[in-house]
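The chain contents come next:
There are 2 protein chains.
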Amino acid sequence: MKNWLIEQLMRLNMSDTLVRPEGFTREGYTDEETAAIAVFKAIAEELGLQVTEDAAGNVLARWEVEGGAAAVATGSHLDTVPNGGAFDGAAGVVCGLGAVKLLKEADYRPERPIEVICFRAEESSRFGVSTLGSKAMSGLLDPAIGSLEDQDGITIEQAVLSQGYNWQDMVAAKRKTEQLKCFVELHIEQGLRIIQHHKNYGVVQAVACPIRLSVTIAGKAGHTGTTPMDQRQDALVAVAPLISFVRETALQLNDAYETALVATVSKLVASPNSMNVIPQSVTAGIDIRSVDDALKMKMADAIRTECKRIEDAFRVTIAVDVLVDNPSIALDEKVANSLNEAGDHEAYLAHRMDSGAGHDVMNMAQVWPSGLIFIPCKDGLSHHPDEYATPDDLKMGVELLARFLVEATQDARKG
Amino acid sequence: MKNWLIEQLMRLNMSDTLVRPEGFTREGYTDEETAAIAVFKAIAEELGLQVTEDAAGNVLARWEVEGGAAAVATGSHLDTVPNGGAFDGAAGVVCGLGAVKLLKEADYRPERPIEVICFRAEESSRFGVSTLGSKAMSGLLDPAIGSLEDQDGITIEQAVLSQGYNWQDMVAAKRKTEQLKCFVELHIEQGLRIIQHHKNYGVVQAVACPIRLSVTIAGKAGHTGTTPMDQRQDALVAVAPLISFVRETALQLNDAYETALVATVSKLVASPNSMNVIPQSVTAGIDIRSVDDALKMKMADAIRTECKRIEDAFRVTIAVDVLVDNPSIALDEKVANSLNEAGDHEAYLAHRMDSGAGHDVMNMAQVWPSGLIFIPCKDGLSHHPDEYATPDDLKMGVELLARFLVEATQDARKG
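Just so you know, the sequences run in chain order U and D. In this text, residue positions in the first sequence follow our numbering: the first is 234, and each later residue adds one. In this text, residue positions in the second sequence follow our numbering: the first is 234, and each later residue adds one.
Careful: at least some of the hints might be erroneous.
Treat identical chains as interchangeable: a pair holds within one or across any two.
[Unchecked claim] Dumping the calculated DMTMM-like pairs for lysine to aspartate or glutamate here, alpha-carbon to alpha-carbon at most 25 angstroms:
id, residue 1, residue 2
1, Lys453, Asp488
2, Lys334, Asp644
3, Lys453, Glu255
4, Lys541, Glu481
5, Lys611, Asp463
6, Lys453, Asp619
7, Lys235, Glu286
Since the hints were derived computationally from the structure, they do not count as laboratory data. Bear in mind that the values here come from a model prediction, so they are computed numbers and not experimental data.
Take the sequences, apply the hints, and build the full model.
Laid out in structure tokens, this is it:
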């Protein structure tokens, strides 16, 4: 199984290695993502699954069962951030396929259909919004966001069309509630808490969804050589204390409260960004996450207050726009217990935890009872070329998913 | 004269207004610069000047005089920073042409040739190096810099070729010392000191040339949602105190020393600059200027020391590269006195001052006795769409240059 998993991961990443200096770049609704999804379809067909595609380009690989009962689904995504790793998303997809392979080889006969789903465009790096495919499937897609642009000025609508889909039709990807019984995603942890708690895997109880702010600072341009230091309105000088403030306030909130919070100035664009011109304007993107929505709000409010102080101190004007404000999502308690029991059955130790990152499961959870398994990743690294999960942990993921699928597909006649 | 000056400025800027929201973008060795130079040639020919071009694309508009004496030259440049103003460079070019017009209309007969020179590529915004044309004319061009790239990856060599010049041949633009007697540039002040001293124009004694540093901070990427605050190596968090430090240290040095110093973090590029990835690396460009070279060095040393502190405090590695380290240039005392006397003659008050910005004259001054006149500009603004000089001040510039040209071209038979 381990060799098979690594082989399929290399196929999906179109590489003969899973860690390389430049990482992997496969953004949502690009030819690169579509090419990886074609490999997913090929592997699914090799396993004897029925492959279909919905209006958003999500692919369903289905182990069909007579009788039309609601299916049990697992899955994740194949898109990456620019220069990301080979495992974020792909690990969940390949472990889902691996679980099907394991059960087929064991001649298991499910009483319900089993689906491995490959979602489109999970990462927010391209358009600033995440999980487009699972939003469509869950009926959560807002048609208004079709005009959002990537850094090359390509809109979501255009990107979707470039891969053969029609933005206006994508709402049709919404599935009926009765089609699925439940959904479980497997993902790399992207952190170190499992190992720090001396456990083997994580069972997630809640997903921390972000507040994202765009802070635009308007100062005044001028010649760097001729504008005296005390007569400047330098937008970059004004953003510097804000970057420090975000970090220091997040550290303080972690000391003061039980629930963890992270806050990051992750994007920064200065203009005109020219060696001999004082920076006229700066736009900073801030990402705030916690499963405690009130704590996120407290952080956002503190940022607004600091921006007022900076406006006065540096003679600039600051606009704070809310790009995203998603309440955090609680996952299904019964599914979580079942994922815990799967570990007991296979002799793996589960750590109950929250997820600091958003995942496709957060959309699925709003319609179907859903759960999320984390497997460890090396040094907690993710969205990074050095992202890595061991073959042993991938195999564990397959065994946990397979056990869950067995438990969840044995009740059709009873239920 | 005022109407003529404004008209020619509009022609050179290819606009029916001299202040517009987007400013003017005419970078060195682009089609835009070449088009403006074509207008310069046309105006010069309308004034009866002989127009030639050197191997670097600098244009000489010459009022020829029999006898072969060394010429008296004035001039400036027509390229701009991105979204710059209509006066930086163009004011000097048009006032030079205006002075010739004034003298021709007065039937003046110079005893030496007079030249109005239009230099190529004065601004450093495109390639990070400034005054390419006047460097070539003064024999100061370093052939090794031909491989420097702009932000689109176009090298200087390619840019030069795109406008019909050959980088390897550009050294041939070097003029013999005996061809010129002296050189005077007129430029907008790009500051407020003339007005603050209740004077009409500036006579510059020295030009502050920059030290420019490129500071590269290497941290570690990671998922913004899953990497705890206390386990990060965030390159943007690390650069924030450096930005504040540069400003605060420059303010302190201005308090402690007689000579002014300015220091600016003017460029900043963060990577991968993605909403859900912790900034892995940041490159900051720092521009340091003073006519006191030791003071510039003190500032650069302080930055290096602060970078060491930041390396330890934020667990990042920092490389500090010197892009430019040009000693400041003293201008010719006799030429300055003559520019002072021109003001006395025309009843304008001169303010003796230093230049915080580099200009073409700093290269010319290394070969020929050279001077620099500043005329006021509105609010001290430059490298900005609101850059503006009044028609009255432009006319004053014409009168000052004309008077200087008369004084400097009356000595050929005597000398």
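Verification of the supplied hints:
1. Only between protomers do lysine 453 and aspartate 488 lie at most 25 angstroms apart by alpha-carbon distance; the minimum there is 23 angstroms, versus 38 angstroms within a single protomer.
2. Taking the shortest alpha-carbon separations for lysine 334 and aspartate 644, only the intra-copy value of 21 angstroms comes in at or below 25 angstroms, while the best inter-copy value is 98 angstroms.
3. In this assembly of identical chains, the alpha carbons of lysine 453 and glutamate 255 lie at most 25 angstroms apart only when taken from different copies (14 angstroms versus 37 angstroms within one copy).
4. In this assembly of identical chains, lysine 541 and glutamate 481 lie within 25 angstroms of each other by CA distance both inside one copy and across copies; the values are 17 angstroms within and 21 angstroms between.
5. In the homo-oligomer, the alpha carbons of lysine 611 and aspartate 463 lie at most 25 angstroms apart only across protomers (18 angstroms), although the nearest pairing inside one protomer, at 49 angstroms, exceeds that limit.
6. For the identical chains of this complex, lysine 453 and aspartate 619 are inter-copy neighbours only, at 10 angstroms across copies versus 41 angstroms inside a copy, given an alpha-carbon limit of 25 angstroms.
7. Within a single copy, lysine 235 and glutamate 286 get their C-alpha atoms no closer than 28 angstroms, and across copies no closer than 71 angstroms, so neither meets the 25 angstroms cut-off.
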